[in-house]
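Terminal number for the sequence shown in our numbering: 452, no gaps in between.
Rather than coming from a laboratory, the hints here were simulated on the basis of the structure. Hints are supplied without guarantee of correctness; some may be wrong.
Claimed, not checked - Straight-line C-alpha distance at most 20 Å; calculated SDA-like pairs for lysine to any residue:
#1 Lys312 x His450
#2 Lys149 x Tyr171
#3 Lys358 x Gly412
#4 Lys164 x Arg114
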Amino acid sequence: MTMTADQDTATLVKSLEELLGSDDIAAARDLLESIHPADQADLYQRLPPEGREGLVALLSAEGIAQLIAHLEEDVREQLVDRMPRAALAAVLDHAANDVAADVLRLLPPSETARVLSNMATAADITPLLGHADESAGGLMTRGYVALHKDMTAAEAMTFLRLSKPLAEEAYYLYVLDRQNRLEGIVNLRQLIVSDPQAVIADVMARDIVTVSPDADQEEAARLLQHYRLRALPVTDEQGVLSGIITADDLIDVIAEEATEDMYRLVGLPADESVFAPLAESTRRRLPWLLINLFAAFAAAGMVAIFEGTIQKAAALAVFMPVVAGQGGNAGIQTITIVVRGIAVGEIELRDARRVLSKEIAIGIIKGLTFGLLVGIVAWAWQGEWAWGFVVGLALLLNMLVAGALGALIPLGLRTLRLDPAVASGVFLTTFTDVFGFLFLLGLATLLISHLT
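Turn these sequences into a full structure, and let the hints guide you.
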């Protein structure tokens, strides 16, 4: 069953710990087997180390394989590290091909070879290990249903009844020639409603969306999402079908990529988690904060240059965080939209001029709006037109810079073949702080006689 609001993870953790503590193994196993493997994974990740060991001991090899498929990568690695290699081989024989390949990539080469030598499914897994983990080849599974174009619909149905494929493997049926080249696709519904004597060649779709094994997993996810597919065939340069990527695997990829981009905007690694060990989280978070500290000194240096101006017009200190903060917020809006557009394929490098022009225009509009508003406040407070002019114009210019940099930073990183999300937010806020202080204090220095 699936957990409900009345049976949440915290309640299950407490129940399982109590059953294991009282050595009521049968009841603990019944409790565990009553919930979905995805919920078992949530439960496992909330348990202390000794509770995790007890949970795994209650599961069969097939149960552990299903558990591993739903665990977060760092937790999965910890579990695999503690498993005897003979037991791991038995578990991976029950896992999906792509999950087994992911697990084997966590091991040193010598241990990978040892585990494979004890696996009945080694012949299906080994070809997947030649592909990068985050490539289409690294995601694919070799579990698919292959038909020949000369078969009839009735023969294909008989073949399905005999082979009993998994549900995700049978949604699309792949029509191959003698060299395993992909010639067409038949979806299961199409096969069911066809005349039993209809030939597969007459009902198959020949316009096929495929992806190469070396393509990035993000590109595979974009294709599946764009064409609303349930699975995506992976073919080599000769059109030979290497495997398929199922929708559930690519949904995970989409979630991972979204999380990765969100984290990288603020300089965090993609595997950071609120439940990660304290020392590990500290190690992951400190580096970019250290870089940001040096960036903050750059902004402070800009303030130091105009120390004399601030002494003569101390009220400038009130408006410094307003000008810098509004510029940073506006830039983060732009950078988020541009990074997202690049990630989902909406923005290509050829669109750079159009994107930049629009974001500069929006920056001017936002700058005029907020510059006028804050300028009026400054004028009313200080009673001098120069205060409104200096603060309003500084805010306008910083909004303009924020819009331009919000587009240029991710597009520039993309041009350099780097991830556009890599700490873009850290870079942007540094620039908006420095330029914000420069515009405000520089203009104030030019008009200091009117401010005092």
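Verification of the supplied hints:
1. Lys312 x His450: It holds: about 11 Å lies between the C-alpha atoms, which stays within 20 Å.
2. Lys149 x Tyr171: 17 Å, holds
3. Lys358 x Gly412: 17 Å, holds
4. Lys164 x Arg114: The hint is violated at about 31 Å.
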